[in-house]
Amino acid sequence: MAIEKIHTENLFLHYSSKMALNNISISIPEKKITAFIGPSGCGKSTFLRSLNRMNDLIDGVKIEGKIFIDHINIYDKNIDVVTLRKKVGMVFQKSNPFAKSIFENVAYGPRINGINDKKHLDEIVETALINAAIWDEVKDRLGDSALALSGGQQQRLCIARTLAVNPEIVLMDEPASALDPLSTSKIEELIVELKEKYTIVIVTHNMQQAARISDLTAFFYLGELIEFDKTKKIFTNPEKKQTEDYITGRFG
Amino acid sequence: MTKKTKKGKISTQSESGLIDITRKKFRWSDYLAEKVIKGTAFLSITIIVLIFVFVFRESVPIFSTAKAPAQTEIHSDANQQQETYGEVTDQPAAPEVQETYGEVTDSSEHAETTDESYTVSAGSGHDDNQTALKTLLTKDWVPVSEKPRYGILALLVGTFKITFISILFAAPLAILAALYTASFASRRVKEIIKPTIELLAGFPSVVIGFFALMVLATFLQDVFHYDTRLNSFVGGIAMGIAAIPIIFTITEDALTAVPKSFYEASLALGASKWQTAFFVILPAATPGIFAAVLLGIGRVFGETMIALMATGNAAQMGLNPFESVRTLAATIGAEMAEVVFGDTHYNVLFLIGSLLFIFTFVINAIAEFYVKGKLMKRIQGK
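Protein chains in written order, with our numbering: chain A, 321 to 572; chain B, 1413 to 1794.
A few of these clues could be false.
Said to hold, decoys possible - Here are the simulated DMTMM-like pairs of lysine to aspartate or glutamate, each with C-alpha atoms no more than 25 angstroms apart in a straight line:
no.: 1; chain 1: A; residue 1: LYS407; chain 2: A; residue 2: GLU516
no.: 2; chain 1: B; residue 1: LYS1685; chain 2: A; residue 2: ASP396
no.: 3; chain 1: B; residue 1: LYS1672; chain 2: A; residue 2: ASP464
no.: 4; chain 1: A; residue 1: LYS414; chain 2: B; residue 2: GLU1676
no.: 5; chain 1: B; residue 1: LYS1602; chain 2: A; residue 2: ASP376
no.: 6; chain 1: B; residue 1: LYS1551; chain 2: B; residue 2: GLU1750
no.: 7; chain 1: B; residue 1: LYS1672; chain 2: A; residue 2: ASP376
no.: 8; chain 1: B; residue 1: LYS1602; chain 2: A; residue 2: ASP379
no.: 9; chain 1: A; residue 1: LYS515; chain 2: B; residue 2: GLU1676
no.: 10; chain 1: B; residue 1: LYS1685; chain 2: A; residue 2: ASP493
no.: 11; chain 1: B; residue 1: LYS1672; chain 2: A; residue 2: ASP379
no.: 12; chain 1: A; residue 1: LYS561; chain 2: A; residue 2: GLU544
no.: 13; chain 1: A; residue 1: LYS338; chain 2: B; residue 2: GLU1676
no.: 14; chain 1: B; residue 1: LYS1685; chain 2: A; residue 2: ASP376
no.: 15; chain 1: A; residue 1: LYS382; chain 2: B; residue 2: GLU1676
no.: 16; chain 1: A; residue 1: LYS397; chain 2: B; residue 2: GLU1676
no.: 17; chain 1: B; residue 1: LYS1685; chain 2: A; residue 2: ASP400
no.: 18; chain 1: B; residue 1: LYS1685; chain 2: A; residue 2: ASP437
no.: 19; chain 1: A; residue 1: LYS386; chain 2: B; residue 2: GLU1676
no.: 20; chain 1: B; residue 1: LYS1672; chain 2: A; residue 2: ASP400
no.: 21; chain 1: A; residue 1: LYS406; chain 2: B; residue 2: GLU1676
Stated by the list, open to error - Pair by pair, the computed Cβ-Cβ distance ranges are:
no.: 22; chain 1: B; residue 1: SER1684; chain 2: A; residue 2: ASP442; range: 22 to 28 angstroms
no.: 23; chain 1: A; residue 1: ASN330; chain 2: B; residue 2: SER1684; range: 29 to 35 angstroms
no.: 24; chain 1: B; residue 1: PHE1769; chain 2: A; residue 2: SER470; range: 44 to 50 angstroms
Think of the hints as simulated: they come from the structure by calculation, not from any bench.
All C-beta atoms, glycine included, are put in the ideal place defined by N, C-alpha and C.
Pulled out of the complex, with its shape left as it was, chain B reads as follows:
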């Protein structure tokens, strides 16, 4: 193929003495490279879409009363068991036990009956999905119980609380550090600070979690004297540590991108360096800083390991920062491995996964489109 084109090229040149540009040539390498790049790009997009479809699909059964095929088998199996159990155990006694479980989630006392009731609850999958949907917007997260309840409100509150605390801690620190690096630090100091903080972005979150669990929790308890050692405050600070590098890097970039002419103009008006940094550079970089904070929020929102290790993992609704909380991500991380495949609990965990996906997606979308579009235009006056 290549030989032919080469020959053709030579002949066209020699005939007229001019380079012929009218004949389109097929370039194999270009064609291949283009297709491969295109294919790779679409593949990655497809993978993301498929993950979402999978996660979302697994959470769908909660919303439908019709049974998924995987559960029908369990259903029939369980029905048989239920029948056998029904004869052994006293029928009127069962509701009594159920009620007790509903309030007291102490399983050690009734260890013997737990197995039974668990099977029963798994068996009545039909009703289970309905109760899951009903209890979804309550505050009790008791998925493994005689009368399981899947209230995600406490998890939502916990997640938002911890996100709030960590951003409250991380954003000012990161933004001020970025402002210092961009406006005050000498070039040499800048060359040290920036890579160091950015290095922290690649820090494994399990190490930060470990640090929070062993060192930070004890230290903060000594300082603030609260009761629960692991709580949303400790978790928030630990997650803040994970969010700082992201907020710092993007803010620093945004601050550095502010035209130098602003800086000069401000100084020429008799402003001090400090005034220039706060009243000219910082406001001009607002859209970028906004995006940085949003991405920081996204990071904290989906953070699992630190949440698992440092928050105490008790699903509580209260707004007190010194209470233990449980986040959405940590719930999936802690329970997914131990859940019955196709069970309602399993479905609810996937629903939580979908929620996380949607939240993070929305936050990133806002950062991307709103900031780069509207806010930027408004500030640049177009």
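For reference, chain A alone in the conformation it holds in the complex:
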């Protein structure tokens, strides 16, 4: 297995009194695509969001256990959450471009990091848009509002926006669930290309999607990590009965 990027040890997470994650220990390798699958409410999105501490925003969340990224516990007291989120970028389920122009959407991240040089910004924006496979569609109208783009384009723009801050890890929370099949396949192609440079963790409801693009797959059920292995193994010869039942469509 490749170099370990993310590692969790006995992670428990509670929403007020409800347990959402129960003793998760997992090791996610660098520059691979790791997919989390499982039925709704199984905790996979919650787990994803705890990897860049987005759960901090929700009232009443209590986390026990450890999450190491590059062997540093991100729940340590002296961790700068803002910098952590630069290192661990996130793409959301629903595309959420800002009410700004296409250019400004991508330039926002670099700008808040202190890059104000117009030429430098132009370069970063162009590279990010090329990497997110949307450059050809928007290069002539960078000044237009991002909200005028189609759903699929918006989502790729959001990926470009995430790439523009140059993260090491990209978390994706069902990035294609609200898109039509054509846009979905574009996003999937894009994700596969991105793994050359980034460690990608993707939550998906779509098992075919996980099978198509991921290197490793983790199956979550009722807040527990049931099985984690190479995607091929999970989809052809799972160890656990529950995993098999789920991927063959017997429940979920």
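With chain A held as given, fit chain B onto it using these hints.
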């Protein structure tokens, strides 16, 4: 009536065994409720229109040389008086007196002649309307005088000056308070701040005026050491206090309406809370904030009580914020009760009322249509 329909319903059901939906029934309660609601809505609109028509109609005589019937009586009355006076007073002396009045508005010295000249001026209503129209765009507001002048420029300048000062004071405060409440305050703090500031919106303006007159004016004079105790600065701040709750509430609503996904997206890009609030939330809420400020302006523009109490009420043109000013609304408030019914002065006050009405109407219309229409569409990219 109801009995019949009930019977009919039962019979149609029993005949075929199915519920008959082809026969339209007349529902009295629905009909009545609809008409009453409609009537009430139209009534309120009609009242507003009628008020405007009334206010505007009373200001019309200034623009026409023809006399209104109410004034003709006064006119004839006054003519008789004029004749009597004409014999008593020396004719050539009259213009002399008039000239003196024109420049020096000191009435105590010539207390005896004031009454006379007042009647004379009221009598010559014809010319009075014309002079009113002529002097309308000058800076002298001297409506009660031998030679009355109705220059509203100083009042306009005063009103705009005070509006400017109060918005300059209120808008940043209210917007920042709203930003804090919407983006930073914990839920518990928010639950205290929001109702408290909104409570201030229901604060009687006379109390704010009183506070400005007694406390604020003295305090600000001690701090800034200017000469006139009551001036546009004090008035502006006091009116700003009245405008803050309006701007705050609408801005806060606009900020809260910004999708949470913007907030999350920004934080996920490694932005701090502060950066998110200023560079994402605030710009996204711009149309709403614009509307909030406009409504604040509308509030200040028509504010009368605070203006009366805290601005000093001297119609001056200067741009110095520490000079006393007189606003349009305060002028109506101060003079309407003492004016001769149907007099030119009376008409001019109504003209001012019309102006206020039109300004406020335009401001609110901009807030409503421009913001909700164009600006919103531009920002949402449609």
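How the hints compare with the structure:
1. A/LYS407 / A/GLU516: Distance ~16 angstroms between A/LYS407 and A/GLU516 Cα, so the pair holds.
2. B/LYS1685 / A/ASP396: Answer holds: B/LYS1685 to A/ASP396 is near 20 angstroms, not above 25 angstroms.
3. B/LYS1672 / A/ASP464: holds (23 angstroms)
4. A/LYS414 / B/GLU1676: Roughly 11 angstroms between the alpha carbons, so the hint for A/LYS414 and B/GLU1676 holds.
5. B/LYS1602 / A/ASP376: Judged against 25 angstroms, a Cα distance of about 19 angstroms means the pair holds.
6. B/LYS1551 / B/GLU1750: holds (22 angstroms)
7. B/LYS1672 / A/ASP376: Holds: B/LYS1672 and A/ASP376 sit about 14 angstroms apart, inside 25 angstroms.
8. B/LYS1602 / A/ASP379: holds (15 angstroms)
9. A/LYS515 / B/GLU1676: holds (24 angstroms)
10. B/LYS1685 / A/ASP493: holds (22 angstroms)
11. B/LYS1672 / A/ASP379: Within the cut-off at roughly 14 angstroms; holds.
12. A/LYS561 / A/GLU544: The hint holds at about 14 angstroms.
13. A/LYS338 / B/GLU1676: With a Cα-Cα distance of about 23 angstroms, the restraint between A/LYS338 and B/GLU1676 holds, given a limit of 25 angstroms.
14. B/LYS1685 / A/ASP376: Given pair B/LYS1685, A/ASP376 holds - Cα atoms ~12 angstroms apart, limit 25 angstroms.
15. A/LYS382 / B/GLU1676: holds (19 angstroms)
16. A/LYS397 / B/GLU1676: holds (22 angstroms)
17. B/LYS1685 / A/ASP400: The given pair, whose Cα atoms are some 13 angstroms apart, holds under the 25 angstroms limit.
18. B/LYS1685 / A/ASP437: holds (24 angstroms)
19. A/LYS386 / B/GLU1676: holds (23 angstroms)
20. B/LYS1672 / A/ASP400: holds (22 angstroms)
21. A/LYS406 / B/GLU1676: Holds. A/LYS406 to B/GLU1676 sits at ~13 angstroms (cutoff 25 angstroms).
22. B/SER1684 / A/ASP442: 22 to 28 angstroms: Distance hint for B/SER1684, A/ASP442 holds at roughly 25 angstroms.
23. A/ASN330 / B/SER1684: 29 to 35 angstroms: With Cβ atoms ~31 angstroms apart, the hint holds.
24. B/PHE1769 / A/SER470: 44 to 50 angstroms: holds (47 angstroms)
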